[in-house]
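*Asks:* Residue numbers (my numbering), protein chains in the order written: chain A, 267 to 800; chain B, 10 to 315.
For the record, the hints were derived by calculation from the structure and aren't laboratory data. Ideal Cβ positions, reconstructed from N, Cα and C, are used throughout, including at glycine. One should not assume that every hint holds.
[Stated by the list, open to error] Computed far set for chain A versus chain B, every beta-carbon distance over 12 angstroms:
| hint | residue |
| --- | --- |
| 1 | G310 |
| 2 | W324 |
| 3 | R364 |
| 4 | K372 |
| 5 | S407 |
| 6 | K430 |
| 7 | F465 |
| 8 | P497 |
| 9 | I534 |
| 10 | R571 |
| 11 | R664 |
| 12 | F673 |
[As the list claims (entries may be wrong)] Heads up, incomplete: computed chain A residues facing chain B, CB under 8 angstroms, no partners named:
| hint | residue |
| --- | --- |
| 13 | K309 |
| 14 | P322 |
| 15 | D463 |
| 16 | K466 |
| 17 | E481 |
| 18 | S507 |
| 19 | P509 |
| 20 | E510 |
| 21 | A512 |
| 22 | T513 |
| 23 | E522 |
| 24 | G671 |
| 25 | E682 |
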Amino acid sequence: MKRDDRPESGLSTVSRRAVLAGAAATLLPLPAIGPRRAQAAAKGKMVLTWHTAMAPRWLDPQEHDGTATPDNFLTALHDALIKNSGTTLYDHPALAERYEFAKDAKSATFWLREGIKFHNGEPVTPEDVKFSYENYRGALSATFKSKTEAVEIVDRRTIRFRFKEPFLDFLLLYGSGNVTGAGWIVPAKYYQQVGPDRFKRKPIGAGPYKLASQEAGVQLEFEAFEDYYKPVQIKYLTMKSVPEAATRLAMLERGEADLIYNVPGELIPRVKGNPKLMLAPVLSGSFWLELVGFEDPKSPFHDKRVRQAISLAVDRAAINEAESAGLGRNSGNWINNDVQYGLQWPEFEHNLDKARKLMKEAGHPDGFEVDWLTPLPAYYARGERLVSQLQAIGIRARLQVMERGVFLARTRTGKEQWPGVQIIMHGARIGGSWSNWYESFFKCGAHNAADRVCVKALDAKFARYQASADQAERKQLAEEIQRTILENYYLVPVFRHAFMNAIGPRIAAEKWQDVFPTITSGYAYPWEDIKLKG
Amino acid sequence: MRQFIFRRTCYSIVTLFILSLTIFAVVRLTGDPALLMTEPGARPEDLARVRALWGLDRPWPIQYAHFLLNILTGDLGTSFNYRMPVSELYFERLPNSLQLALSATLLSFLIGVPAGLLSAVRVNGAWDNIGKVVALTGLAVPGFWLGLVLILVFSVWLAWLPTGGKGDWRNLIMPSIALGWYFAASLLRLTRSSMLEVMRSEYIKLARLKGLPGYVVIAMHGFKNALVPVLTLAGVNLVVMVNAAVIVEVIFAWPGIGRLLYEGIFQRDFPLVQGVVILAGCMIVLVNLFIDILYAYIDPRIRLTK
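If we strip away everything but chain B, and leave its shape as in the complex, we get (with noise of 0.2 angstroms):
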């Protein structure tokens, strides 16, 4: 098992060190941040300046080195744009993307839990196929447009909910439902996918063969068993809510992580860019390391495979 955790430890340093170099070339592909944050009439000396306070006039090897060993030190750098450091800027919005993240998962939760249950065990029934609706509808409706007729509907016409920010939890209901809903549509279609495939194994054949009544093998043997990949699929969801909820975020005028990555992209904001990515990285493969670990834990198959 310790050998286990050692390799699996090395990959994800190699993938974050694989990321850092990848997201570090990346964002300086898109051009000079100089022109960007200076007006098109600008003069040269004004960009040299610009250029010069931020160390983009060294050559990428030194600046990746230095990138590298403020990350080891725990300095994600200053971003150009908010001239402030980028964890605390990371840190700041953290909760308010852990807010909306959560209530959006518990959302998604409940939907699409209990309908893909539904879907499958009336497999083919109204329930199924009212399901599949849900689920087609939930994937094919972009997050940006149900956000704007949500705001349309529930704020401007009904006068119910505020509009957009970060206020009390009135100002989550419309975000998280924006977000959510994708990710419902998701569950529900691999819970019934799940639960399908675990009602026709070996096991739960026996357990009817011994007489128990049909929720009891639904609920005790079938949905618990069927729950591992849709527990597994949540996990990185919300790691993906958290980080990457752009344009929920943007449209609702919500103060979070995805917020602040659209603004360091659409800013040529390096450092800030490098930052986010770099911490959701980390997030993302700590999350996975501690998955893959766990499952070695519960099946030992797992860690004696190389």
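The shape of chain A in the complex, shown without the other chains (with noise of 0.2 angstroms):
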């Protein structure tokens, strides 16, 4: 499944044309490329510095959290049947050479490539694909368990999955590195011999860089995989740990470091006046508010023309210029457009007469007071922004500022705690399918949403779409789903940020889209594609 989300194409184009073949028995023929000896080609050492701390066990997939992070690691040192990969969102082929879905979604088969290899030179084997799956033990692990009749090795390169009931999304789930680590494919006989602790310091993959040495949480050295199936063009990568933003644009500046991530807004303007270095605003996480328990009467809230007026103050250009350089996106939804089913919808108007009018008619000529806006931490700058234009409509909002983890504890609790007239900024990004994002931050009793948020209707709407195994029928009903909550203001989007990263002179780009073709990572990735010039 392909889709082409980059910010120079304007708003996104989908393909559906997979998610289609995949509703049929897909089998997906693809060109041989072999393996092929990569060395010869490999040249030149590339440092990236990374942003936190390094831990080891972003370096193992058997235990992968579900987080984003260990994307770039896993990226490098290892490899999965099918992925992420470009534009394509899950079923990229990498380690598989084809694979076919059952039209009843109750089985999945793989067949391997000729002569992959570990970074140990051991053969990939089914045995390996069995052994990861099997022993995978990270996020949706119990997903996986739950759903999975077994897993049949039926050849030397043939491999099949048997569910207990059709099981649509095991493509996406497994082929979203993001989401999931059951997809990566690590060499089962090395694993058992050395155990996971070991495994995460000397880790052994099947991925385009072999792990050369380890600094825990400092540094990682790696060196081109000779034996993969794709030429890679760097032969050293080095990723350093440097936690302060200013020192990695320095090292960027004097040419210690090639790429950087996460630039702060402050330094953006220090990449951009500077002709050496480029720009790399990928596309990340989207941010919306919630406005608790609108579906009270006696809350403002429960007034769609409230709702609607919030969102008619909200200036989400100023928001984004001012936090994302302009580089981010004034994205419609909440969710990303870079998931399954993710609706596209048009960038929402900013008129300050329309929601006067609005808040009216409302019966709130002279606006109200809001307890508390709290913002989903660090982003406390875009909290006050809010705060600051809100006012603007004579909603009087005060800032309540919380550290990461007690929002993230708090916001898994219900109205009870959230007391009074209270809206939350939130922000995610959540890999896969429009579906984790509702029922993380939407459906009824949600993990992240408890009873502050909760349409019935919608929650049966998504019931059967849980139920259903026509995609089509899917689709349709994640797009309603998805536009009743538009449409009502039940959220309101504010926008998606861009993550920003800086490449050096050395790497060959004519465009910030080389080094980061990956619409589903903030990352940097293929890195086997990555050059440097010359």
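Reconstruct the complex from the two isolated chains, following the hints.
*Replies:* Rendered as structure tokens:
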């Protein structure tokens, strides 16, 4: 499944071909690339500076925590049967040269490429695939286990997953490496021999780079894997942890680094002002407003006109400009459109006159008090801007600042813990499917909404969506639900921010998308395709 | 003397016990680390899995008992974030921290002690005024600001020194200055005040009356005695620099213990924070115990004081 979501292309163009094809028995014949020696091609050294400590646990996909962070490391070190890559959301063929998904969604069969190897020279076998799946104990492992009947080794290159019931999201989950780690293949024999702890210290994968050395939390040294099935362009890759953004940028300016992640707003002009550097604003998480308890008739948010007025008062372009140097996107949907069935929605209007008129019609000509507006930490500046913008229509809110962990714990509590009139500014990037967003933030009793948000009619549709084995019907229901939320302003989308990275002069790139072509990851990838000049 | 050592050792053990209890409780008051180990949209079953994996679903007293028993066997636990034994992480970073702390201590000594001495000898003169300005600036300038300015000037503009990370001796220069500057200022002030106090004492007057040359009085009688509190402070500073040079280590991407602690706090990595604090506590308690015993050995009045 592919999507073109790059900012320069304007609104995304959605290809449904793969999805529709998936409804029928999908047979995906692929050009046999075959293994080739990449050693001759690989040359030079690239240094990436990473913005936090580099935890060895991120090198072990078997304990994937469901976050997007390990992406950066897994994509260099490991490989999967199918995965997200470029504009393909989840079924880019990698270690599997083809796959077949049964019509009844009760089995999936994969054929491994000929001659693929792990970094220790051992061949990648169906036994490794079976072990990686059955031994997986990270995010969503319970879902895989409960739905899988058996994993069968058909022959030396073929493996089949059989499910107890139709498992329509199997490919989506299995191939979304930043949702779960079940799809990344580890060498069974080696993993069992050294155990999980030692594996994290000296991991072996089948990805384009093998780990040469590791200083836990500080530095990772990689070397191109000469037996990878695609040519790897750069011989040595170093990832250094540099927590301070100004230091990262200084390293890029001096040529000590070639690629840096997470450039904060105050340093963006310095990158833009340096002709040798290139800014890479990769679209990332979406931000939106939750109007707590909008279904309660006593709440001022109960009136749709008030909710609409709030949306009209939000100056998304100004927030985008101030927070992402204008390089984010004023997306109309609160759900990212790089997930399955994420609905395209036009940008919401900014119109203060109309907003004031609606407030007057709703019986709030002078606005009203909001006890607290609480933004997702550490995006406090965004919260301040919203407080200021809402004042223009008489909504007087106070900013409540929380520590990140406290905020995450509080958002799991219900209305009782959010008394009075409250607004929460959420932000998230969840991969895979739109349904992950709905289940997390909107469903009655959702783990991030509790009883603060609950529209039973939509939940009934969602139940039908989950029960359905018909892709066309699922798509229709998914879009209906999202449309209802947006048309009724149950949630008020703000914008989709850009994860700011920067590229140094040694990297061969005409545009930043040459280094960051994959729309489902904020990080540079595929690593094997990145080249140095000369 | 034996009784004194026994008493002090008991105090040290009680101090460490209180420290272990405090750090155990304080890190848990910060909230649930499972929330930070998953995404904002994480499912309840995944949160439960993470809590069970790390024993966070057990009652606090049981967690504390395990923590204490493990410490007694030398096991400080396994870091949530790194999935590595805390002691291994600590001792992996310790040489880096020692290297930085020693060079910063040396720098602070080379600046602070001579400047303090000069200030005391030329009290209220030009050197003293310069010394006061240096001391005030050193204490007032924040380490993170100084570090960033050093990077901007010496790395970006002049391109003389590498920006950050651990490499050869050149990588050590800027972090040592940024870290040692503050301590140089505090050593300068202490050397000056200590020296002034000593120079007013009777035995210095006697030395002068005996007709000894001024430099002999200052160097042999004054400075030698004034150095005792300065060395004590330098010892404590060294321990602090080893364990808590957080800002400098973060700015210069120096892989030391301070940065490890910072990352642990940021991630609510309970075992890591507990382990680093306990080891730092042990180091400080041992240094103090050693100093106490040394004082008692030098001055018998101390060991007789109850």
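*Asks:* Which numbered hints does this structure break?
*Replies:* 2, 5, 7, 12, 13, 25
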